[in-house]
Amino acid sequence: MLELATFSLLNGIVYGLLLFMLTSGLTLIFSMMGVLNFAHASVFMLGAYLSYQVGLWVGFWPALVIAPLLCGLVGAGIERYGLRYVHKSGHVAEILFTFGLSYLIEELVTMIWGRNAVANNVPAAVDFPLFTLFGSTFPAYKGLMMVISVSMLVFLWLALKRTRMGLVIQAALSHPSMASALGHDVPGVFMLVFAIGSGLAGLAGVIGGFMLLTQPTLAHAVGPIVFVIVVVGGLGSLAGAFIASMLIGILQTFAVAIDYSLVDLLRALGFVITRSTPSYEFLSIKVATVAPTVPYLLLVLFLIVRPRGFLGKRDV
Amino acid sequence: MSNTRRPLNALKIGTVALVALALLPHVPGLGSDFGRSLLSQMGIAVVFALSYNVLFGQTGLLSFGHAVFFGLGGYVAIHVMRAINHGLPLPMPLVPLAGAAGGLLCGLLLGAAMTRRAGTIFALISLGVGELVYAAMFMLPGYFGGEEGITASRTKGFALFGLDLGSQLAVYYLIAAWVLIAAGLMQAFARTPVGRMCFAVRDNAERAEFVGYDTHGVRCIAFAVGALFAGLAGGLHAINYEIVSADAVSAQRSGTVLLMAYIGGAGHFAGPILGAVTLTWLQTSLSGYTSAWLLYLGLFFVLTIRFAPGGLAGLILMHGPIFHTRSFRRVLASYGIALVPTLVMACGAVLLIEMSYRLSTQPELGSRMRLLGIAVDAASVWPWLAAVLMLAGGFLGFRGTWPRVASAWERASEEAGAHRAVEAS
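Protein chains in written order, with numbering that gives the first Met the number 0: chain A, 0 to 315; chain B, 0 to 424.
Bear in mind the hints are in silico, worked out from the structure with no lab data behind them. One or more of the hints may lead you astray.
[As the list claims (entries may be wrong)] Only part of the chain B face toward chain A is listed, based on derived beta-carbon distances under 7 Å:
id	residue
1	ALA112
2	THR119
3	LEU131
4	ALA134
5	TYR212
6	LEU293
7	LEU294
8	VAL301
9	SER355
[What the hints assert, rightly or not] Here are some chain A residues the structure puts well away from chain B; computed CB gaps all over 12 Å:
id	residue
10	VAL121
11	PHE154
12	VAL185
Ideal Cβ placement from N, Cα and C applies to all residues, glycine included.
Can you build the whole structure from these sequences, using the hints too?
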């Protein structure tokens, strides 16, 4: 039991950190530009594919750097040649534009790498047991994931709060016309922010690619969960996104491991439940079966109890 | 003046639509079972897209989970159909009403919580609720049948006046009748006071609230109305296919209806109709030829957002003011000239896309293929070179001919402006 709990917790933290890496880029773009990027999960998927492809050519460690940079370039291109023009038609048009892009990226990936999953295996460099606990091993690549995501978070925070560049970014985003009047290149800053956010998604993709299957449906598998995190954490709040990512990561990992249903609970409490009990089908759903819906259940719960999310400043 | 004209207009449009819908399945080309089934699909899509636009175009609620109500309405309808099969004395043509009731009920329940927020957060919530309902389908296979879905027969059981839905033609007429009723009701809803308030809430919720309206209530009503008609469309779907599966509530379907409404033009009542008909037609005709259908759809959508935010309806209406000017012919001629490089560019793109798809997704079919009637070998370099040249050349040609279109437009709108000034004086 303790073994199960420890490993579920560790895996939950790893999954939560992965989700947070993904969400942080999205939150960054949203809180700064007000654009909800529906193509974010698609860029994540692109990161997974690019790291696989580049890894085949030059090996894992260079791919870890090159793939996110390429994703950043893609993001810059999306902002420069697409979003910038759609911007004047309002936020709905921006959301829809990125939504359309998510269709396009999924199909482009299919076009290049095919419909089936590619063999994006854990590279040999990080495929060894890091430590052994209760007779089970914890793989090194998960450790690497934790290191990368935590250092990324620290770096991001320092870059935004402690550098001149970060100050200009913050100024350009809160008072664009003023910053522009002072001689800063505001459209350039917007492009940079979009590129950084996309690069973060790409970095998450490099690592997420091993954990999840690298296939064209990958974006749809994580996309909705990421958006739930944004809502539950509070729209635009990085810290809230962190809490929500960890919560969902851990809850979902634990739920997968629990093979009981409400029937078992009620029986343990002394109720007599048979197949003819009303709504038996509903009661007999195993917790593990519900696991994929945990984020969405949480969303509905928050909607009713605390619509602004964990750290949201207002009811958006 | 306008008050006396409007109902007459509605009557006129209604009559024309009635006659057109009655004659369509006998038009050559659509007279086959395939054509009638295509028309039936279009009818279902039209009701669904119109119901979506009650949320999107009218109330400003961008939903990514509208298929939830389509699907749940469909499930209610298919269960009612099963009950009819087992002896419930209800005429089959009224089954869509059951779907509508199901949609309305779910819309009220979910909508009350979902519509507390508008804007971006509503979009995210609708996405999450859509995923939740989709996942629930597989958890409760007894009610929803999981992947295989629930089946029923539309011909077995109680028949009113011996009416029988055995042929595709009969199904089409049933769907057409419901399309007319639903479209009329939705148009009427837009003219009710609460329907008008939806526009106000869309444009400026804060102001509407200050004037004393309950914006959450208005959104909730619009949401429920949209869900009602989505459920009706789901009921029609159940009758047409005699099966409803989890696919009916999928994110894919929610996305498709959004694309239909937007590509058609969300700002005009006829827009979603146009979008639903166009996309259904493209889908059935293209998906037979190409596996890249979704890529074309995505491209079409992104280009619409980027270059024609008003959708197809917006593009057509744009020509209203200059239609009667003398320069209009010049505009048409400039379109004709610009069309040539556009087609070349499109052919290049299609060639590239099709060859890549063949190589990556269907390698078992080999690299030789026929495109637009020409034999092509995707393994050799020449077709790729030709495609790139066509794409680049077409693009340059398009850039070259575009100023002509722009200047023709300018002249025409100047003329239209002068015309209007003369009329006003």
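Each hint, compared with the structure:
1. For ALA112(B), the shortest C-beta to C-beta distance to chain A is roughly 5 Å, which falls under 7 Å, so the interface hint holds.
2. A distance limit of 7 Å between C-beta atoms decides the matter here; for THR119(B) the minimum to chain A is near 5 Å, and the interface restraint holds.
3. Interface hint status for LEU131(B): upheld, as the beta-carbon distance to the closest one in chain A is roughly 4 Å, under 7 Å.
4. Satisfaction of the interface hint for ALA134(B) is found here, the shortest Cβ-Cβ separation to chain A being roughly 4 Å, below the 7 Å cut-off.
5. A least Cβ separation of about 18 Å between TYR212(B) and chain A goes past the 7 Å threshold, and the interface hint is therefore violated.
6. Restraint check, LEU293(B) versus chain A: the minimum CB separation of about 5 Å is within 7 Å; hint holds.
7. The restraint placing LEU294(B) at the interface with chain A holds, with a minimum CB-CB distance near 4 Å, inside the 7 Å limit.
8. With a cut of 7 Å, the hint placing VAL301(B) at the interface with chain A holds, because the nearest CB-to-CB distance is about 4 Å.
9. With its C-beta approaching chain A no nearer than about 5 Å, SER355(B) sits inside the 7 Å limit, and its interface hint holds.
10. The Cβ of VAL121(A) lies farther than 12 Å from every Cβ of chain B, with a closest approach of about 24 Å, so its non-interface assignment holds.
11. Against chain B, the non-interface label of PHE154(A) holds: every CB pair exceeds 12 Å, the least being about 27 Å.
12. Distance check for VAL185(A) against chain B: the nearest CB is about 21 Å away, which clears 12 Å, and the non-interface claim stands.
Consistency note: the structure conflicts with earlier hint 5 alone.
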